[in-house]
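Chains as they are written, first to last, in UniProt numbering: chain L, 1 to 288; chain F, 1 to 288.
Simulated from the structure, these hints should not be mistaken for lab results.
Treat the hints with caution; some may be incorrect.
[To be verified] The list that follows gives simulated cross-link-like pairs (lysine-lysine, DSBU-like), each with its CA atoms no further than 35 Å apart:
1. F:92 to F:12
2. F:142 to L:261
3. F:192 to L:142
4. L:248 to F:92
5. L:142 to L:261
[Unchecked claim] Anything over 10 Å on all C-beta distances counts as not near chain L; from chain F, calculated:
6. 30
7. 61
8. 66
9. 142
10. 150
11. 165
12. 192
Each residue gets a CB set at the ideal place from its N, CA and C atoms; glycine is no exception.
Chain by chain, the residues:
There are 2 protein chains.
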Amino acid sequence: MRLGAIEAGGTKFVCGIGTEQGEVIERISIPTTTPEETLEQVIGFFKTREVDALGVGSFGPVDLDHASPTYGYITSTPKRHWNSFNLVGELKKRFSVPIGFDTDVNAAALGESVWGAAKGLDSCLYMTVGTGIGVGAVSEGKLVHGMLHPEMGHILVRRHEEDPFRGSCPFHGDCLEGMAAGPAIEARWGTKGVELAGDSKVWELEAYYLAQALVNYILILSPKKIIIGGGVMKQEQLFPLVREQTVKLLNGYIQHDNLLKTIDQYIVPPGLGDNAGLCGALALAKGL
Amino acid sequence: MRLGAIEAGGTKFVCGIGTEQGEVIERISIPTTTPEETLEQVIGFFKTREVDALGVGSFGPVDLDHASPTYGYITSTPKRHWNSFNLVGELKKRFSVPIGFDTDVNAAALGESVWGAAKGLDSCLYMTVGTGIGVGAVSEGKLVHGMLHPEMGHILVRRHEEDPFRGSCPFHGDCLEGMAAGPAIEARWGTKGVELAGDSKVWELEAYYLAQALVNYILILSPKKIIIGGGVMKQEQLFPLVREQTVKLLNGYIQHDNLLKTIDQYIVPPGLGDNAGLCGALALAKGL
Chain L
1 MRLGAIEAGG TKFVCGIGTE QGEVIERISI PTTTPEETLE QVIGFFKTRE VDALGVGSFG
61 PVDLDHASPT YGYITSTPKR HWNSFNLVGE LKKRFSVPIG FDTDVNAAAL GESVWGAAKG
121 LDSCLYMTVG TGIGVGAVSE GKLVHGMLHP EMGHILVRRH EEDPFRGSCP FHGDCLEGMA
181 AGPAIEARWG TKGVELAGDS KVWELEAYYL AQALVNYILI LSPKKIIIGG GVMKQEQLFP
241 LVREQTVKLL NGYIQHDNLL KTIDQYIVPP GLGDNAGLCG ALALAKGL
Chain F
1 MRLGAIEAGG TKFVCGIGTE QGEVIERISI PTTTPEETLE QVIGFFKTRE VDALGVGSFG
61 PVDLDHASPT YGYITSTPKR HWNSFNLVGE LKKRFSVPIG FDTDVNAAAL GESVWGAAKG
121 LDSCLYMTVG TGIGVGAVSE GKLVHGMLHP EMGHILVRRH EEDPFRGSCP FHGDCLEGMA
181 AGPAIEARWG TKGVELAGDS KVWELEAYYL AQALVNYILI LSPKKIIIGG GVMKQEQLFP
241 LVREQTVKLL NGYIQHDNLL KTIDQYIVPP GLGDNAGLCG ALALAKGL
């Protein structure tokens, strides 16, 4: 069985061909411009490569309600041209194979639970910290959806008392994304995070916000593994700081070895590395 | 089919007999003293009343991992005598019927989704605000568990800038439970909440904390219905305040009619009223 995968991102669409074992055989990266231009290239890639199913992990918000007339749409995105775009519908016009569709981060969570850091577990959480903060989750063996899909990047956090930064989220100001995504780091310190690698203050503050989010995710979803990827997490010094702050904030309330003894194996980078998103889309296709 | 239900609480065990339709035929309330005394009365009630299955919704923390040697135990509770008590094991010694076991609030969430305010929905959240704050959830048709069960009453909230109260949670100080459970209200104002019914400051502050929690639950789990019960919520003036604050904090980010148009039907009291807990235990039995 050959599977097709599309990681539909705000700056690029990564398309790939892979196997049921999660092996990526071929991949291509297409810039995200207008839907017409981008989709033309996506369709061009797949039309010469036969697949049995297609998985699409997309930037959002997206409509995942199969009963909705706008199922498969990218909905109220501020991204010009893509607002109310029928992504699944356009793909269905060209390809007659089953198409799986979810958020990019739910797809990545699924991929990690099938082939990656949470392999064999029926619950995990995948967070990406980059130009935004997105989070997907598997709970009881299923991707979490409800009224809509999760939007966990926007949860409320407590401002650090020595942090005067107002926050960069256009909706909430100082929510998690507004305080801890890449653009927030740059706006707060006047320099991109990658150039601040050696400044411990920067990463201690970053860990302070990320750990608050993890504490709430743990108390609400109780994931069996927490996986954090994205550009900001390339600063690997963040991992020990985030782990330490998470344990400190929970203060012994959750009695589990994952937190008390083996936190180094509980809060981890993606097992699939930079392939988490594309493999996630493959996993959506595999599940069809 | 006759079902048995036990709502195992820290101050009382409510036992009942009911039907698959969620009708409670008979009930009894037993004070929670020592496990020996309390269980003797529980067993006495059920031994003269034949049931086909038994559901137990218990105060926690509890061990719900079927693979664990302490499955069915109440674990690290500060409640004297009940720490590491094998509740399901003791019941199994006396009754040979299948026994369903979960947290009291997960049971209530299930009961509400089967017969109550969330009837017919595959996702909902049940929060009780009383001597503590407990929350259970159904997501994708299943009760949420993972590493452990959720402990959502302890999520982090932002202190109101005019609230000097330090918080009453022995683990976290000013977490949600520490700021908004009944004992926190009493400690902050020097009087029980029930005697402060007419003081709008009290309930605006209470709604400020509860709404923060709901915002995070919505962003993380996206429940299709939010049900709030417990002693503190007998102050019905809280509901409109909580709804208003929730909408204000989300600030239009979640585009759904539940929030934008019909919030009065989205954040609601238990459909099963004070029977939510007992009916929840019945629902656990029904699911076996």
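Here is how each hint holds up against the structure:
1. Between residue 92 of chain F and residue 12 of chain F, the direct Cα distance comes to roughly 21 Å. Compliance with the 35 Å bound is thereby established for this hinted pair.
2. Only pairs whose Cα atoms come within 35 Å are accepted, and residue 142 of chain F paired with residue 261 of chain L is accepted, the gap being roughly 29 Å.
3. With a C-alpha separation of about 43 Å, the suggested pairing of residue 192 of chain F with residue 142 of chain L is violated against the 35 Å cut-off.
4. For the given pair, residue 248 of chain L sits about 39 Å from residue 92 of chain F by alpha-carbon distance, which is inconsistent with the 35 Å threshold.
5. For the suggested pair residue 142 of chain L and residue 261 of chain L, the alpha carbons sit about 27 Å apart, so the restraint of at most 35 Å is met.
6. No beta-carbon of chain L comes within 10 Å of the beta-carbon of residue 30 of chain F; the shortest separation is about 28 Å.
7. Non-interface call for residue 61 of chain F relative to chain L: violated, since the shortest CB-CB distance, roughly 7 Å, does not exceed 10 Å.
8. Every Cβ of chain L is farther than 10 Å from the Cβ of residue 66 of chain F; the closest lies at roughly 12 Å, confirming the non-interface assignment.
9. Interface exclusion of residue 142 of chain F from chain L breaks down, the closest Cβ pair being 4 Å apart, not more than 10 Å.
10. Distance check on residue 150 of chain F: its Cβ comes as close as 6 Å (rounded) to a Cβ of chain L, failing to clear the 10 Å threshold; non-interface status is violated.
11. Non-interface call for residue 165 of chain F relative to chain L: holds, since the shortest CB-CB distance, roughly 15 Å, exceeds 10 Å.
12. Non-interface status of residue 192 of chain F relative to chain L is upheld: no Cβ of that chain comes within 10 Å, the nearest being about 26 Å off.
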